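Student: Listed here are the chains, written in short residue letters.
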Amino acid sequence: DVVLTQTPPTLLATIGQSVSISCRSSQSLLHSNGNTYLNWLLQRTGQSPQPLIYLVSKLESGVPNRFSGSGSGTDFTLKISGVEAEDLGVYYCMQFTHYPWTFGGGTKLELK
Amino acid sequence: EVQLQESGPGLVKPSQSLSLTCSVTGYSITSNYWGWIRKFPGNKMEWMGYISYSGSTSYNPSLKSRISITRDTSKNQFFLQLNSVTTEDTATYYCARCLAAIWYFDFWGPGTMVTVSS
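These protein sequence lines map, in sequence, to chains A and P.
Using the numbering used here, read the first sequence as starting at 1 and increasing by one per residue.
Using the numbering used here, read the second sequence as starting at 1 and increasing by one per residue.
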């Protein structure tokens, strides 16, 4: 199975601070069709996960543009440019390139 | 808007079967893919499997001998059955829609907590 390693496991931030989360894959996530099926989700406390970014860098409809995704191959990054209170929760990367689909271990974003 | 809602028993005894229903409104399950995902106590998430628009299925090999996903298109529902459960199957179970070709879960149900305990 593809192992996705997220760092850091916990991220302390102040409101307005820019932060980044890393997701490293044990295998390249470049599909033979040329797409890279790496997504990011946010799970706020008491809620179900919500999609933020798909295909590495495409923003889900309604997601603020302070969120951005980048990367290729095995290294990917989610950046939040100016954390807001509503951004707190657990962030996951997830890959769909290889079966079984797998998740990263999660990064919990908390207020400092 | 697409809405999903999980339902089923919140408590299952070890060695028994866990059965959940996902009811979908606002979209037909005869399009795209429909998956089950679970979150264990802590942060670990696991994709369990999906059923496609045509009724074909794909399962996580870690569960392959115990899992079955079926559907009732007349009710726009799909189902999860997990056999021979143990305490390690205690988790919050989510159903979600997966968009074909783009491949990501764009709509999720609120989740249902299932505890396996005698």
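By construction, these hints were calculated from the structure, which means they are not laboratory data.
Please read all numbers here as calculations on a predicted model, not as lab measurements.
Be aware that a few hints might be false.
What the hints assert, rightly or not - No farther apart than 35 Å at their CA atoms in a straight line, the calculated lysine-lysine pairs in the DSBU-like style are these:
{"no.": "1", "chain 1": "P", "residue 1": "K44", "chain 2": "P", "residue 2": "K13"}
{"no.": "2", "chain 1": "A", "residue 1": "K58", "chain 2": "P", "residue 2": "K75"}
{"no.": "3", "chain 1": "P", "residue 1": "K44", "chain 2": "P", "residue 2": "K64"}
{"no.": "4", "chain 1": "P", "residue 1": "K13", "chain 2": "A", "residue 2": "K58"}
{"no.": "5", "chain 1": "A", "residue 1": "K112", "chain 2": "P", "residue 2": "K44"}
{"no.": "6", "chain 1": "A", "residue 1": "K58", "chain 2": "P", "residue 2": "K64"}
Student: If a hint holds in the structure, say so; if it doesn't, say that too.
Tutor: Each hint tested on the structure:
| no. | hint | in the structure |
| --- | --- | --- |
| 1 | P/K44 / P/K13 | holds (22 Å) |
| 2 | A/K58 / P/K75 | holds (33 Å) |
| 3 | P/K44 / P/K64 | holds (19 Å) |
| 4 | P/K13 / A/K58 | violated (43 Å) |
| 5 | A/K112 / P/K44 | holds (24 Å) |
| 6 | A/K58 / P/K64 | holds (32 Å) |
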